[in-house]
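Asker: Spelled out, the chains give:
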Amino acid sequence: MALQVLEFEFKSEATQTIAKEWSHLGVTGSGDLEVLFEKKDLGGNVKAKVVTPVKGFDAVWEKMIEKFVNDTGVGNISIEINDDNATPIVVYMRLRQALAEATAKEAE
Amino acid sequence: MKSWTELANSSFFDANARERALGLVDKDTFTEFLSPIDRYCSPHLPVLGAAVEFDDGTVTGVGLIGKHPVFVVSMEGKFIGGAIGEVNGGKMVATIRLALKAAAAIKEQHPDDYAARRPLVAISFETGGVRLHEANAGLLAHAEVMDAFQDCRGIVPIVSVVGSKVGCFGGMGFVAAATDVIVMNEEGRIGLTGPEVIEQEMGKDEFDASNKALVYRTTGAKHKYIIQDCNYLVEDKIGDFHNVLAEVADIPMDEIEKMRRIGSLKLVQEQQGLVKLVGDMQPKDSMDLWKHFGNENPAELPELSTAEFLKVVKRRERA
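Top line first, the protein sequences correspond to chains A and B.
Every position in the first sequence, counted from 1, becomes a number in this note's numbering once 305 is added.
Every position in the second sequence, counted from 1, becomes a number in this note's numbering once 299 is added.
Please keep in mind that the hints were generated in silico from the structure rather than gathered at the bench.
Just so you know, these numbers come straight off a predicted model, no measurement behind them.
Do not take every clue at face value.
Below, a list of computed lysine to aspartate or glutamate pairs in the EDC-like style, where the Cα atoms sit at most 16 Å apart [as the list claims (entries may be wrong)]:
(1) B/Lys565 <-> B/Glu616
(2) B/Lys301 <-> A/Glu406
(3) B/Lys301 <-> B/Asp337
(4) A/Lys344 <-> B/Asp553
(5) B/Lys613 <-> B/Glu599
Please build the complete structure, drawing on both the sequences and the hints.
Answerer: Following this line, the structure appears as structure tokens:
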């Protein structure tokens, strides 16, 4: 019944991190999630913590976040996700959006 | 996140809680209290296996409009219908109390310039009321908010800003009614029992929640504007809401007091007069009331744009 907490760590050769100290995107709406990126010295690695009500999808979460790390070459960040039943493709899309937001130059 | 200028021209209805909070105050002046990085989540939801959010579904903070500090509470309807629990309720109460403290401090430090610096509280409601997962704490928060309103009475104007998808229902409908000023866009809705709940309890003959036109005629902003439950009706732009807040921030407190709906014997009598009118008239639809207040063609009002509506509408006279 209680919420699932999943923690992962991914090796990353890249050292490209985010511009801001932290960045946030999204809302934990039904079928959606929110993402919090925080800049951290992890020797290039990426840490991820997922809080979700859904059981049994640990491997899918791991694959999806790993794909995001590999596709974007991001490193030295911690990712925290509050999920409410988002599908894998929504997870991937929100992660990409969150990274775009985190690396964007301040508008105006 | 959109820039402030983009936000000003964006739809209020489509904006999330943080965008609304940023756009309601002047450019680049917003500072958030307990933002996502502080991770103040509900302690109750995880126990029940329900998803949490880092800001617990409510954005709080302070910005400026001119020299006025504007304390903002902005609710996110996508997170558990914007319902109020312990953490977001506490954030709301603390933000209102902070506005009162700010008023005292400003009065002391700027006695000559106080009118231009008087604080304001703006609450962007998007909520169904109490969060049932933590209902006791949620109810307590409602009570504390009402108390905080009383403490602010005559000192700091409390402005309701309503124009988001979920509307403002349940206990927060009472809370909005207890504020000084209510600003809405056409999509804004305020009520106590939501349309679906009325239909569920009383049947489709009593209230057909799938009839959106009926729902908006009964709970929507145009109706609220005609019967004087809503003080300002604006276009669906964040910038337009900002402009009304700027106007209200400069209105003297004794004029603000006249914009209220409840809170004095006179106002209670005015409300009783409205109840009596409805009892005598037995209206079948809100349009019967609109006609009573002088609108010859009530059926055309829902079709008009906000600007056209404001030009032709006749409203109930305040007592």
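Asker: If a hint holds in the structure, say so; if it doesn't, say that too.
Answerer: Okay, the hints, checked on the actual structure:
1. For a cut-off of 16 Å, the pair hint linking lysine 565 of chain B to glutamate 616 of chain B stands: about 14 Å separates their Cα positions.
2. At most 16 Å may separate the alpha-carbon atoms for a hinted pair to count; lysine 301 of chain B and glutamate 406 of chain A meet this at roughly 10 Å.
3. Restraint check: the Cα-Cα separation between lysine 301 of chain B and aspartate 337 of chain B comes to about 22 Å, which exceeds 16 Å; the hinted pair is violated.
4. The hinted pair formed by lysine 344 of chain A and aspartate 553 of chain B fails the criterion: a straight-line CA distance of about 50 Å is larger than 16 Å.
5. Restraint check for lysine 613 of chain B and glutamate 599 of chain B: satisfied, since their Cα atoms lie roughly 13 Å apart, inside the 16 Å limit.
In this structure, the hints that do not hold are numbers 3 and 4, in rising order.
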